[in-house]
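A.B. asks: One-letter residues, chain by chain:
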Amino acid sequence: MDSERRRILRFIGKGSVLAAFLGQIGAAGRAFYPNVLYEPPSRFKLKRPNDYPDGYTFVEAHRLFVIRQKEAFHVISGICTHLGCTVQWKDTEFDCPCHGSRFRPDGTVISGPAPRPLDWFATTVSPDGFLEVDSATDVARDFRLLVGKGKA
Amino acid sequence: MGDKIKALWRKTLWAWSPESERESSESIVKNFWLHWFPAKVARASMDWNYSFWLGTASASLLMILTVTGVMLMFYYVPSTERAYGSIKDLEYAVSFGRLLRNQHRWAAEGMVAVVYIHMARVFFTGAYRGTRAINWVVGVILFLATLLLSFTGYLLPWDQLAFWAITVGTSIAKQAPVVGPTIQFILLGGNEIGQQTLLRFYVLHVFLLPVFVLVLFAYHMWRVRKDGGLAAIERVRHERAMAPKAISKTKSYSLFGITPGTSVQVMSSTGLEESDQVFSSPNMSRRIALVFLVVFNITLLAALMFNAPLEGLANPSVTPNPAKAPWYFVWLQELVASTTVRLGGFTVSGALLGGILLPGFLLAVLTLWPFIDRSSLRTEGRWLAPERRRQNVTFALATLAIIVLIMIGVYLRGPYWRIYWPGQPRPEMPRLY
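Chains as they are written, first to last, in my numbering: chain P, 1 to 152; chain B, 1001 to 1433.
Among these hints, one or two may not hold up.
Stated by the list, open to error - Residues on chain B that point at chain P, a partial pick, calculated with CB under 8 Å:
1. T1167
2. V1168
3. I1186
4. G1189
5. Q1333
6. V1336
7. S1338
8. G1344
9. T1347
10. P1415
11. Y1416
12. W1417
As the list claims (entries may be wrong) - Over the 10 Å line for every Cβ pair with chain P, so calculated as not near, a few chain B residues:
13. S1017
14. K1030
15. R1082
16. I1141
17. V1294
18. L1310
19. L1363
20. E1387
21. E1428
If you are wondering where the hints come from, they were derived from the structure by calculation, not from laboratory data. Backbone N, C-alpha and C define an ideal beta-carbon position, used for all residues, glycine too.
Let's have the full structure, built from the sequences with the hints guiding it.
C.D. replies: Given below as C-alpha cells:
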C-alpha cells in the first residue's frame, strides 16, 4: 500500500517536471510566431486621381499599377503570382524578370510559370479626394472606379 | 648536418621518445591534440587517389568559413538600415576587410561544390554499404545544411541580389502543402521581408546552422572511426580474407629435443595485417595539415583575384532584370520557371512542382540509395565497379542534367528570363523599371 502510494507520487513528481519542460519547449517555439507586425497597412492612400496620366503608372512604394482610361480607374498588383518578383509594364504586356511570366494588360497569364492572373485591388476615392487602395481585397476584372464627370 | 639539427630540435622539445610500437601508439592516444585520431590508420584510407581527401577539404573550408565569419561579425550590423553600409565599410574602410569577405564568399561557394564532389566520390566508390549507410544519410543532411548556410548568408549584405533571392526562396517555401504559409511567416517573421527577416537569417547563419553542422560533423567523424575507416579498407580486408595463410612455423622443446610444428592463426579484429596500417601521427596528421594549407591557399588566391559581388542596396519595389539566383540554386530557378503544368482549368504552379516536389523526390532517392543498392558487397570501396555501372551512370547523368541547367541559367538567360544565345545581342535594361 505504502509502496503503491510512493509509486504514484513519484510518477506525479517526475511527470510534472517533464510536463513543465515540454511546456517550456512549446512556449519557446510559439515565441517564433510574432503577434505584432510593424508592417505597412493593407489599406493606403495614393495621390489624387487627376495626378495620374492616362495609361499605366507604376507606383513604386506599393508595387502596383494605377491604370487610367479617361475617368475610369483600376489598380493591378505588380507582384508576380509565381514567386513574388515585381513585374514590369512593357507597352502591351506585363513581364516578370525572375522567371519570365507574361501577362495581358488585364493581368491574365499569356505564358510562363505564373499559376494565376495578377491581383486586382479594391479601389475607392477617400472623402478627402485621394485614391484609396485595399490590397487585402481582390475585385473582379470588370471593376472600374469612375471619377469626375463619368461618375453616375 | 641536417640530421644533427633534427636531433637537436627533438632534444629541445621532447624529453622522451617512444621505444616500442606500444609507446608510439600511446603517444598518440594520450596526446590532447591527437587523441581524436586512432593510433593507427589503414594505408588504404590514406590513398590520395581513392578519396582525393575531399572530406578533409570540406572540413578545412568549414574551418576557414568559421574563422573569417567570426572576423566579419565584428563589423557587420544585422539591421536593414546599416547592413549594406557595414558591408561597404568592410570593403573600403576596414584594413583587409574586403579580403576577409572575399575569402568567406569563395570558401562558401567552394564548400558547396566540394561537399557535393565528396558525396559523388562516396557514391562512385560504393562506400555507403552496411553501417556506413548511416554516415551517408548524415552526409546528405550535412550537404543540405551547407546549402542552407549559403542561402542564409546570402541575405545578410542586404543588396538587391540578397533581397530577391530571399523573396523567391521563401515564396517557394510558401508553396509547400498545408504548412507552407506558416513556414514562410515564421522564416520572414511577418508577411514581408524586413528587419525581422534579416535578424532571423542572421541568427540562423551565425549560430544555429553552424552549431548544427559542427555537431553533425563531429558525429560524421566519429562514425568514420567506428566503421573502421574509409570503405577502401574493405577491399584490403577482402583480399586478406581470400589470401591463403602462410602457416606460421614454431619450434618447441620436447623430450626428444627441438620439435618443429605449426601454431594457431590469429587474425586481428580489423581484418587487417600489421603491414596494412601506419601510425596516424605523423602519417595522417601531416596530410591533413597539407590539405588544409592547400585549400586555404586556393581560397586566399581566389579572394585576392576576384571580388565578392555586391549589388545595389535592396529595393523592395524593383526587381533586377534578370534576377538570378546564385549558381548552385540556378538549376532550381530553371525548374520553377519551366514546370508549371496546365491541364484544362487546373494549374499546378512550377513553384510547387519544380521547387518542392521534384527536389524533394531527388533528395529522398539520394538519401535512401544505400538501401536501394542491391549490388554485391565486393563492389564496396571500389571506384566505378562494373557491377554498379548502371547506378554510376544514373548518378552521373543526374549531375550532368543539373550542370546543364546551371549553364543555361548562368550563361543563356537574359532580361525577362529569356534565352539569348552567345553572340545574340541582349537589350540594355535600365537600372530601374
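A.B. asks: Each of the hints needs a verdict: does it hold here or not?
C.D. replies: Each hint tested on the structure:
no.: 1; hint: T1167; result: holds, 5 Å
no.: 2; hint: V1168; result: holds, 5 Å
no.: 3; hint: I1186; result: holds, 5 Å
no.: 4; hint: G1189; result: holds, 6 Å
no.: 5; hint: Q1333; result: holds, 7 Å
no.: 6; hint: V1336; result: holds, 6 Å
no.: 7; hint: S1338; result: holds, 7 Å
no.: 8; hint: G1344; result: violated, 14 Å
no.: 9; hint: T1347; result: holds, 5 Å
no.: 10; hint: P1415; result: holds, 7 Å
no.: 11; hint: Y1416; result: holds, 5 Å
no.: 12; hint: W1417; result: holds, 3 Å
no.: 13; hint: S1017; result: holds, 53 Å
no.: 14; hint: K1030; result: holds, 39 Å
no.: 15; hint: R1082; result: holds, 17 Å
no.: 16; hint: I1141; result: holds, 21 Å
no.: 17; hint: V1294; result: holds, 39 Å
no.: 18; hint: L1310; result: holds, 19 Å
no.: 19; hint: L1363; result: holds, 20 Å
no.: 20; hint: E1387; result: holds, 41 Å
no.: 21; hint: E1428; result: holds, 14 Å
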